[in-house]
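2 protein chains.
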Amino acid sequence: MREIRVGLIGFGTVGSGVVKCLHNNGKLIGARSGVQPVIHKIADLDIVTDRGVPIDKSLLTTNVSDVLDNPDIDVVVELVGGTTIAKDFVLRALKNGKPVVTANKALLAYHGDEIFAAANESGADIYYEASVAGGIPIIKALREGLAANHIRAIYGILNGTCNYILTRMEREGLSFQPVLDDAQALGYAEAEPSLDIDGDDTAHKTTILASLAYGEWFGMKPLFIEGIRHLDLVDLRYAAEAGYKIKLLGIIKLAGNNGTIEMRVHPTLIPTGSMLANVSEVFNAVYVKGDVVGDTMFYGRGAGMDATASAVVADLVDVGLNLTFESPQRVSAFRPHGTYSDVVDMEDIDCRYYVRLEVLDEPRVLGRIADILGNGGISIASVTQEEAKPGTDSLPIILITHQAKERSIRRALTEISQLDVVRGTPVMLRIEDI
Amino acid sequence: MREIRVGLIGFGTVGSGVVKCLHNNGKLIGARSGVQPVIHKIADLDIVTDRGVPIDKSLLTTNVSDVLDNPDIDVVVELVGGTTIAKDFVLRALKNGKPVVTANKALLAYHGDEIFAAANESGADIYYEASVAGGIPIIKALREGLAANHIRAIYGILNGTCNYILTRMEREGLSFQPVLDDAQALGYAEAEPSLDIDGDDTAHKTTILASLAYGEWFGMKPLFIEGIRHLDLVDLRYAAEAGYKIKLLGIIKLAGNNGTIEMRVHPTLIPTGSMLANVSEVFNAVYVKGDVVGDTMFYGRGAGMDATASAVVADLVDVGLNLTFESPQRVSAFRPHGTYSDVVDMEDIDCRYYVRLEVLDEPRVLGRIADILGNGGISIASVTQEEAKPGTDSLPIILITHQAKERSIRRALTEISQLDVVRGTPVMLRIEDI
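So the protein sequences, as listed, match chains A and B.
My numbering applies: residue 1 is where the first sequence begins, and numbers increase by one.
My numbering applies: residue 1 is where the second sequence begins, and numbers increase by one.
Here chain A stands alone, though its shape is the one from the complex (with noise of 0.2 Å):
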């Protein structure tokens, strides 16, 4: 059984979550995987605060050097988070042979790309299980589990906060922001939720499923992304009415049979039956669909102290194992494999929509819309025009469409906006089924 020595970078939430568990779990992980990870030095800023987790003092430093430099620690755990100092670290780490183990997302969907070129160079591992969807091991799971697959598609739910305010939403019939504002009291939402709310995290974590499904390291340009904010509990309950729940999804699928791909974050309406719409409060998931495998899913914390150190540890395992057997990078970080590339743009996807109008109660009112929406190549599966309230000279017009182009369904929709008989901005939203 060899000891692993760990230098902690960052002793935060996670990282206190790392310590407990190597604490209390380090014995058993040595025994049944041959490897033990021990910490041996913590870096932080702040080395005063209790964090409420059994650590030998005389391990921490404000020193990050203690640990970048340090020839006694085998693996740098990177749990600074943000783009800048921790990019510093990593490239350091990397630098000085270091193998690195890190949980951030943000990082690695701006600079992944500089990031495993350093670790390619220097021949140091990189391991990132942790930065999307928290404990659940799907980085392992598509770069080896899945490893005999072409992947068709990827659906995930990931992001807690998301998907915690929408669960709320739909189940207590509250809308968007006192739902908010209780999440932010629980801390279920960070006092400046935007990341979380206007899909950027979501984004971040969509990224790195899509390069290492199509093995291309894609970055942040490509990708379409549209957040909860703008949501209206009315849509959430018409969706519920016609069989669907809205879910913040990542999306990455294969768009036809060239070989393009389509990345997309945004508000999904999605089947209320199906195995996805079942995963509520702030649970995460993620569905892919192989094509030998056929689909599956995987479940579980997306976030949290503990959830998320269970993923940092099995990566420490991971490179313990590497060192142990003098064979670093045998699972590539990332590794391109040239089958795919071309990202779609967002007007050229193929997809189902729903929409909400709200017209004046007057003849003929569905008949413009819907020779607008005929006159753009776009049916209609199925309308629902409901009775104007009392008092109230308009009523809303609930339209689900057949498959149509992104660029036809929004030429149409600024159309029908500028109708004289149309009030607002008509409310379009996204189906997939799944």
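Be aware that a few hints might be false.
Given that identical chains are not distinguished, each listed pair holds provided it fits within a single copy or across any two copies.
[As the list claims (entries may be wrong)] Restricting the straight-line Cα-Cα distance to at most 25 Å, the calculated cross-link-like pairs of lysine to any residue (SDA-like) are:
1. 57 to 84
2. 289 to 143
3. 27 to 327
4. 27 to 120
5. 20 to 289
6. 95 to 325
7. 289 to 30
8. 20 to 336
9. 27 to 335
10. 20 to 1
11. 289 to 52
12. 27 to 337
13. 20 to 152
Hint data in this document are derived by calculation from the structure and do not stem from the laboratory.
With chain A's structure known, arrange chain B on it following the hints.
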């Protein structure tokens, strides 16, 4: 990129799937992982039948020595099935120092200890991802992805035939036998279905998962096994009314704080809203509770040519990487870690129970039944008693109990069944609040 020469024994459904997968995706697998498994020999008694997959006929042989004793073969894939000649083949391959990949759950369930001992003696790998839950990479998840965790519990829907039958009974309101007949006609159930419907196949997989989770090779002896053959449609209905679905589960969990374990296979009532309850048709899922990661679930196809091939080929990649990096047994096939060992006797488990009694329509019947349960220390959580149907003199009572020992409920039901007001044999099913 290294080619791995594969010798296949057994050219049936799964063997054909492996050939097809390597033919279609071999190049991608090589580009992605650095190793490309290539079929080098296929041994089967029947080398005449066209399997519908592209294969050079010169690779076919009826002589198993052409695989087992062939110095050109890097890895042996055993897909013969059964526990007799398959065992000989696996042991012979290992003795020859050849790594083995197998999908054979029965073989491991009955002879895992002997086979792993042989692997350890020879130093060769044995991988068996396909033996549990088909294409779902659950073995890899337990051994690697969740390596940081003490496993608190595993609940598995591990047999697609049973899940298909239960799904159709529930959805279509059909009894067991006609659904089984139809499943056999459609090829979802074997002509001799007992291995599936009596729970033995689920038990084979359950003991493999239990051994991985708890570091002791348990074999089949400690397992309590009850299948779905006896299930009555009315119990699915009453369960649904009470908010439960009935699934055949393999259940493994820590029984208490003293490290004892429960291992059992039986039809189980689980809450309708739970993730596992939503797993339908032939799909499998394994719900794993870890002490660090929390709740996770792994979902996918548990059988079939392609899903099983996906797991076999993933194992071939792992074996190939181990050959490339000279790291055989990097992840041990099975490593005892001596943390747990005793399996609780079935009579000593604690559970909640669903009980259905047919009783005469007389006064004080419920009171007498409640007295017997109460005297046995079993308290009732809910009772449903319907009115007797016109023309009958008996009526059903549905009881749901609080937690009680299996011994207590068995004794109480024996006593209850002897009451003059009780007709027939009481139905008892177990409840898990997953």
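Query raised in the report: Any hints this thing doesn't respect? Which numbers, in order?
Result: Of the numbered hints, just 1 does not hold.
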